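> Chain by chain, the residues run as shown.
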Amino acid sequence: MALVLNDEQRMVKDSADGFFAEHAPVAQLRKLRDSNSADGFDRALWAKMADMGFTGVAIPESHGGTGLGMVAAGLIQEAIGRNLSLSPFLSSAIVAATAITRGGSPEQKAALLPQMAAASRIVALAADERPRHAPAHVETRAEASGNGFRLTGAKRFVLDGHVADRLIVSARTSGEAGDTDGITLFLVDPNAAGVSIERRRMVDSRNVAAITFDDVQVDGADMLGAPGEGHAILEAALDAGRACLAAEMLGVSAQSFDSTVDYLRSREQFGRKIGSFQALQHRAAHLFCEVELARSATLKALTALDEGSDRAAFYVSLAKAKAGDVAKLATNEAVQMHGGIGMTDEFDIGFYMKRARAAGETFGDSAFHGDRMARMMRY
Amino acid sequence: MDEELEGFRRDTAAWLEANCPAAMRQPVESERDVCWGGRKARFSSDDQRLWLERMADRGWTVPEWPKIYGGGGLSRDEHKILQQEMRRLGCRPPLSSFGIWMLGPALLKYGNEAQKLDHLPKIARGEIRWCQGYSEPGAGSDLASLRTSAILQADGCFLVNGEKVWTSYADKADWIFCLVRTDPAAAKHLGISFLLFDMASPGVSTSPIRLISGYSPFCQTFFDNVRVPQENLVGAPGKGWDIAKYLLTHEREMIGGMDMASAGRDSMHQLAKTAIGTDSEGRLNDSLLRADIARHEMNALAFALTLERVKDEARAGQGVGALSSMLKYYGTELNKERQELLMSFAGSDSLMWEGPDSHDGDMAKSWLRSRANSIEGGTSEVQLNIIAKRVLQLPGA
Ligand SMILES: Cc1cc2nc3c(=O)[nH]c(=O)nc-3n(C[C@H](O)[C@H](O)[C@H](O)COP(=O)(O)OP(=O)(O)OC[C@H]3O[C@@H](n4cnc5c(N)ncnc54)[C@H](O)[C@@H]3O)c2cc1C
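If you're matching them up, the sequences are chains A and B in order.
Positions 1 to 379 (the working numbering) are the ones given, in order, by the first sequence.
Positions 380 to 776 (the working numbering) are the ones given, in order, by the second sequence.
These are calculated hints, taken from the structure and not from any lab test.
Warning: the hint list may mix true and false statements.
[Claimed, not checked] Calculated cross-link-like contacts (lysine-lysine; reagent style BS3-like; alpha-carbon spacing at most 27 Å):
#1 A:K273 <-> B:K768
#2 A:K13 <-> B:K690
#3 A:K328 <-> B:K768
#4 B:K624 <-> B:K690
#5 B:K488 <-> B:K768
#6 A:K328 <-> B:K488
Computed from a prediction, not measured in an experiment: that's the story for all the values here.
Input sequences plus hints: build the corresponding full structure.
Right under this line is the structure:
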């Protein structure tokens with residue numbers, strides 16, 4: 001497939017760009033933060049996103065979605081990044097939806113996917129157990145009990161875990177922490193006895209949950225995929241999320257870059273526009289190139305996922321790593337080139353830098369993905 | 380449409396398989412393996428000559444040029460397929476030339492019919508080798524300050540006088556495309572014209588300059604009352620600057636992209652593994668170099684994808700345009716980094732200049748040669764200036 005958007009994708013892009021700029025601009029993030037919103041997002045917006053068909057992009061038409069695919073999902077997430085719009089899009093509509101589409105039984109799909117596409121149900125993935133992303137590091141144990149399992153363990157950094165109607169939990173049915181074999185995924189009711197959920201606010205004003213499972217009874221029918229074979233489903237779901245995070249960071253980078261260039265064109269010092277100083281021009285020009293590279297890598301990853309390419313995971317790591325590096329550079333350069341005003345809370349650019357840091361960390365930073373690429377290339 | 384293209388792919392693959400000599404499917408190791416053509420051409424083997432002839436017969440040395448000018452008349456999609464199939468089989472480019480990369484595109488856009496019919500087929504067949512007369516001792520980055528003069532005489536010839544420098548392969552080339560000042564009274568950019576002439580003309584002389592790599596690929600070039608027929612002016616007098624800039628965009632894309640072609644040649648981690656060795660998990664034995672290589676390969680891949688995307692967008696009539704400076708800047712900086720890394724993991728082997736196992740100092744020479752990438756065709760700083768001004772529209776100093 002060529003690395004260009006087709007007509008359908010261009011329509012998605014236009015409608016997503018317009019929608020998030022109008023309905024979920026940075027001002028909304030600021031308001032939600034200042035009011036210490038318990039949900040951390042606006043439910044009316046989430047419902048409108050369903051009306052637009054956004055929440056069903058990663059869900060097949062047969063299960064109530066639009067089935068538009070990952071390139072379309074990435075375009076939506078890029079617009080989200082440009083506006084720093086808050087919603088459970090990534091956690092539920094992309095990551096959880098992909099896990100269920102890939103690993104779910106017909107009954108599980110029928111029960112969950114249509115409601116997820118309609119945004120009437122939020123599903124979150126509880127996978128990480130350590131501060132640095134290591135999806136195979138699963139200590140949470142699932143012991144067989146009756147016709148089901150009993151789960152014990154602790155998860156952290158569960159995106160939107162505090163508002164989830166269902167959790168997808170990775171637990172170990174055999175082997176040791178670090179093994180890819182022996183991981184099993186379960187659908188868990190957050191209200192079940194023994195589940196305790198604590199909301200944590202992060203630097204970027206988003207919420208994650210720390211969740212403990214204390215001898216939680218799970219029905220055998222709530223196993224997602226085959227026992228011991230959860231890792232492949234987990235990786236597929238994470239890769240979908242990582243590619244969308246790359247797209248989000250691309251949006252963050254592009255928006256920070258555009259604001260910075262605008263500022264260089266308008267701010268005056270020494271009797272001239274600061275954009276006439278070559279020291280700043282060269283940094284801006286370099287940044288322009290970097291954003292273009294991040295864009296190419298991201299589009300390739302999303303395209304490879306849509307094609308079902310066996311190189312998709314490789315390109316996803318490339319995109320996540322590159323877009324992460326670029327977002328870090330773009331937002332740091334943005335703050336620096338705005339001078340003092342860039343350090344103020346009143347000015348928006350700081351929000352972008354905070355989001356770049358958090359999105360970069362989520363599901364593996366560029367060191368994690370650089371290492372993953374190197375391993376895939378066998379060095 | 381897609382079926383037609385698939386048919387083209389099959390036919391192309393079969394033809395390449397049957398016609399590309401085995402020796403021409405070996406990686407290009409050094410300058411000796413590059414075929415430049417020209418009157419003074421010295422082929423390094425019969426296979427090299429044969430491969431050029433066979434490809435030129437199909438017009439595939441310049442696949443997208445129209446057939447009447449010696450091209451293959453391929454569409455952009457067909458050309459992409461040809462490139463993919465050549466890469467898949469490891470076929471070397473049959474011909475490298477400034478005529479193909481630089482002058483050809485400029486003539487196709489700005490030349491008159493007689494000039495196109497005269498020069499393009501000879502470029503396509505590798506019969507005439509061209510050199511580029513742009514830079515002068517006083518006009519490098521500030522190219523428009525060039526002083527070489529061409530004054531029209533009563534007999535209808537220009538009289539050319541002046542000095543060019545850094546003229547790559549001037550001593551091997553047959554013809555030169557040359558920037559000259561035809562109107563000394565006009566403003567800097569407006570008095571410049573684009574002139575073609577034979578390097579065998581009386582009054583042309585060259586003197587090679589030795590580089591840090593030990594090679595002497597470029598020359599000082601002197602013009603002492605060289606007579607050039609008026610018909611050899613491309614475009615209108617005083618309009619040479621537009622042509623010069625258009626040609627530079629092609630040169631820059633070529634330089635930026637060429638490094639990628641070589642980067643794809645043998646993945647650097649493969650070379651690193653051989654040189655450094657791996658641990659029990661298959662990881663390179665030097666963890667800091669491994670990280671440097673991973674980051675380099677990441678950037679090289681993202682850059683290769685950008686080249687692909689820019690071309691795909693152009694094919695689809697989308698895209699930003701004015702990206703040649705980006706490709707030139709980023710591609711050349713990447714290639715320089717690649718050469719530094721190659722030197723690093725070869726350790727002291729990389730330093731060998733002469734003697735057994737030195738391969739004539741190829742490794743060190745490639746490293747040294749690559750330093751020029753961010754200078755030739757407009758320096759990295761100049762490319763960043765262009766991006767800042769043209770793409771980002773930042774105010775002038
Ligand atoms: C291997 C090689 C092959 C070449 N082949 C040819 C050829 O075939 N034909 C031909 O005509 N020329 C050729 N050149 C010449 C090449 O185009 C020039 O060297 C180049 O344009 C730079 O000019 P200069 O060497 O005069 O450097 P200068 O222009 O003097 O630059 C010196 C330094 O100042 C910086 N600088 C200059 N102006 C600015 C500015 N405005 N802003 C910021 N920094 C600036 C430059 O980036 C550079 O770092 C070749 C050069 C090389 C190295």
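> Hint by hint, note whether the structure agrees.
These are the hints, each one checked on the structure:
1. A:K273 <-> B:K768: Judged against 27 Å, a Cα distance of about 13 Å means the pair holds.
2. A:K13 <-> B:K690: The hint holds at about 21 Å.
3. A:K328 <-> B:K768: 25 Å, holds
4. B:K624 <-> B:K690: Given that 27 Å is the threshold and the Cα spacing comes to 20 Å, the pair holds.
5. B:K488 <-> B:K768: 25 Å, holds
6. A:K328 <-> B:K488: 42 Å, violated
Going through the hint list in order, the structure does not satisfy hint 6, though it satisfies all others.
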